[in-house]
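> As a plain string of letters, each chain reads:
2 protein chains.
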Amino acid sequence: MEFVRTTTDASSPRFVSTEKRIATFDQDGTLWVEKPTVPQLAYCLDRVSAVAEKKPELKNVEPFKTVLSGDRAAVAKLTMSDLKKILVATLTGMTTDQYRADVKQWLVTAKDPRWKKPYNELTYQPMQEVLKYLRANGYRTYIVSGGGQDFIRAYAEQTYGIPPEQIVGSMGRTAYGYDKDGKPILTKLPELVLNDVDAGKPEGIQLMIGRRPYAAFGNSTGDRQMLEYTKAGAGPRLAMLVLHDDAAREYAYGPAQGLPDTREGTFTQSLYDQAKKSGWTVISMKNDWKRIFAFEQ
Amino acid sequence: MEFVRTTTDASSPRFVSTEKRIATFDQDGTLWVEKPTVPQLAYCLDRVSAVAEKKPELKNVEPFKTVLSGDRAAVAKLTMSDLKKILVATLTGMTTDQYRADVKQWLVTAKDPRWKKPYNELTYQPMQEVLKYLRANGYRTYIVSGGGQDFIRAYAEQTYGIPPEQIVGSMGRTAYGYDKDGKPILTKLPELVLNDVDAGKPEGIQLMIGRRPYAAFGNSTGDRQMLEYTKAGAGPRLAMLVLHDDAAREYAYGPAQGLPDTREGTFTQSLYDQAKKSGWTVISMKNDWKRIFAFEQ
Numbered sequence: 010m011e012f013v014r015t016t017t018d019a020s021s022p023r024f025v026s027t028e029k030r031i032a033t034f035d036q037d038g039t040l041w042v043e044k045p046t047v048p049q050l051a052y053c054l055d056r057v058s059a060v061a062e063k064k065p066e067l068k069n070v071e072p073f074k075t076v077l078s079g080d081r082a083a084v085a086k087l088t089m090s091d092l093k094k095i096l097v098a099t100l101t102g103m104t105t106d107q108y109r110a111d112v113k114q115w116l117v118t119a120k121d122p123r124w125k126k127p128y129n130e131l132t133y134q135p136m137q138e139v140l141k142y143l144r145a146n147g148y149r150t151y152i153v154s155g156g157g158q159d160f161i162r163a164y165a166e167q168t169y170g171i172p173p174e175q176i177v178g179s180m181g182r183t184a185y186g187y188d189k190d191g192k193p194i195l196t197k198l199p200e201l202v203l204n205d206v207d208a209g210k211p212e213g214i215q216l217m218i219g220r221r222p223y224a225a226f227g228n229s230t231g232d233r234q235m236l237e238y239t240k241a242g243a244g245p246r247l248a249m250l251v252l253h254d255d256a257a258r259e260y261a262y263g264p265a266q267g268l269p270d271t272r273e274g275t276f277t278q279s280l281y282d283q284a285k286k287s288g289w290t291v292i293s294m295k296n297d298w299k300r301i302f303a304f305e306q
Numbered sequence: 010m011e012f013v014r015t016t017t018d019a020s021s022p023r024f025v026s027t028e029k030r031i032a033t034f035d036q037d038g039t040l041w042v043e044k045p046t047v048p049q050l051a052y053c054l055d056r057v058s059a060v061a062e063k064k065p066e067l068k069n070v071e072p073f074k075t076v077l078s079g080d081r082a083a084v085a086k087l088t089m090s091d092l093k094k095i096l097v098a099t100l101t102g103m104t105t106d107q108y109r110a111d112v113k114q115w116l117v118t119a120k121d122p123r124w125k126k127p128y129n130e131l132t133y134q135p136m137q138e139v140l141k142y143l144r145a146n147g148y149r150t151y152i153v154s155g156g157g158q159d160f161i162r163a164y165a166e167q168t169y170g171i172p173p174e175q176i177v178g179s180m181g182r183t184a185y186g187y188d189k190d191g192k193p194i195l196t197k198l199p200e201l202v203l204n205d206v207d208a209g210k211p212e213g214i215q216l217m218i219g220r221r222p223y224a225a226f227g228n229s230t231g232d233r234q235m236l237e238y239t240k241a242g243a244g245p246r247l248a249m250l251v252l253h254d255d256a257a258r259e260y261a262y263g264p265a266q267g268l269p270d271t272r273e274g275t276f277t278q279s280l281y282d283q284a285k286k287s288g289w290t291v292i293s294m295k296n297d298w299k300r301i302f303a304f305e306q
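From first to last, the protein sequence lines stand for chains A and B. My numbering runs 9 ahead of the 1-based position in the first sequence. My numbering runs 9 ahead of the 1-based position in the second sequence.
Below, computed lysine-lysine pairings styled on DSSO-like, alpha-carbon distance capped at 30 Å:
#1 A:K141 to A:K285
#2 B:K192 to A:K29
#3 A:K192 to B:K286
#4 A:K113 to B:K29
#5 B:K286 to B:K29
#6 B:K113 to B:K197
#7 B:K29 to A:K197
Everything labelled a hint here was simulated from the structure, so no lab data went into it.
Only chain A is shown next, with the shape it has when bound in the complex (with noise of 0.2 Å):
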């Protein structure tokens, strides 16, 4: 708040004009849950039996194969590998508009499996709160996420009140053409033009907002360089860490503070040891947030 009070304050020093007020927040395990497993993952793999469908020679060729036989066991077991190739076959052939449709209607059905919610009622209230305070005091708000642009362009307007523009995420090319009737559309494509995590976060950001930040959010060692490009700015620069230390309420993991390493939102202790040195703030779920969900009494 006082980051806020200073900075939009015509009478300060420390006044930043509209025009220049960002603010941009990784998504996964900073706005919403990232456990088990991200959810746009979970997308992927529900729509490895649709994909399966159009082509069935898909359905005894790894990983497909591990996926549709249903064991979990087996499906968290799949290596980087296997499930680039699941990214592939589900995120990529269809056109713009089919793929944001799809997201859509996977959203309104599939659920959590700890909270049996919709994984768009996982975000956390705080930072809800967060997002409209910094917009009621002009600042436009961008997610800046590892995951898929396009995944999170569908659904992020509704969950969080940030428009597609807005969203800079890991970002596929996509191909223009026309489809049968002559009409034009755009196929995405297997192939990567950024990935937005650790330094293809500040690239992400110059390649789509073409300004620095004054104020970072983030929750992993992926969102490192973000933070640090946003603090070295001149003036007032404000960067914040959410740290999962919560195991009853949400989940508790990354090695800082003696959690445990995950694959999802490594929090390390060098994170931590920065985050102190640097001046950000790290944020205790546990301790900083009297209720985590919307849907919490």
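Use these hints to put chain B onto chain A, whose structure you have.
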């Protein structure tokens, strides 16, 4: 005006909600003069001497030797391969901050050879009026140009009132790193993320905006796909092409209506025919524009 009236009247069945009001504009030849060469190429040619100061070995290597000779006729004959070498040498290797500062500085001193004015005074007054008129009616105006995104960002806010995040251009990759003091920097690499012409325009719109425009403006075959894509959307869509047919007040070029063909801004007969068939409006600079530049009496 009929398009704006119908899309902004809440009682109209063709009403378009504010968040969807996107208008895209090509730059070179649509918003400002692109003859005798696009201003960005003039910048690159001017920058060769500064580059050669730092890398003297280039002084005796083609195509740099020719550029440094000042022989305009020889420079005009450089091949695309030569030009690519010049673009790489002059547009990459520096940080994004250095580059932006350098372009800003260049624009203060460089002059167009015909009017002897800074390039950003050579914008078309009627197009400036269209930009303002659309914005006054809730439209967000974007530039979607084959020119370099970072080049346009250096002046578009001042010149057109269009902020950096609304510039879609040919995009170069950047590399995140640290300067000798450990400060984060983004260095411009000689690698194109997206070539924002032809099919690249709707692809760039998808990448950066994620919404289909309701209005699109261009002047050449490089804008064809952007206009097709725009017009293919449901509801009212506006597509307009500027025809350079006024040799006295500006230039006349493009095979349409028997005008000469040129490298920049080719307006072919086939584009003209498609425009007439598809309900795109062709703007005659000669007949439709009372005044071309703001500085005219």
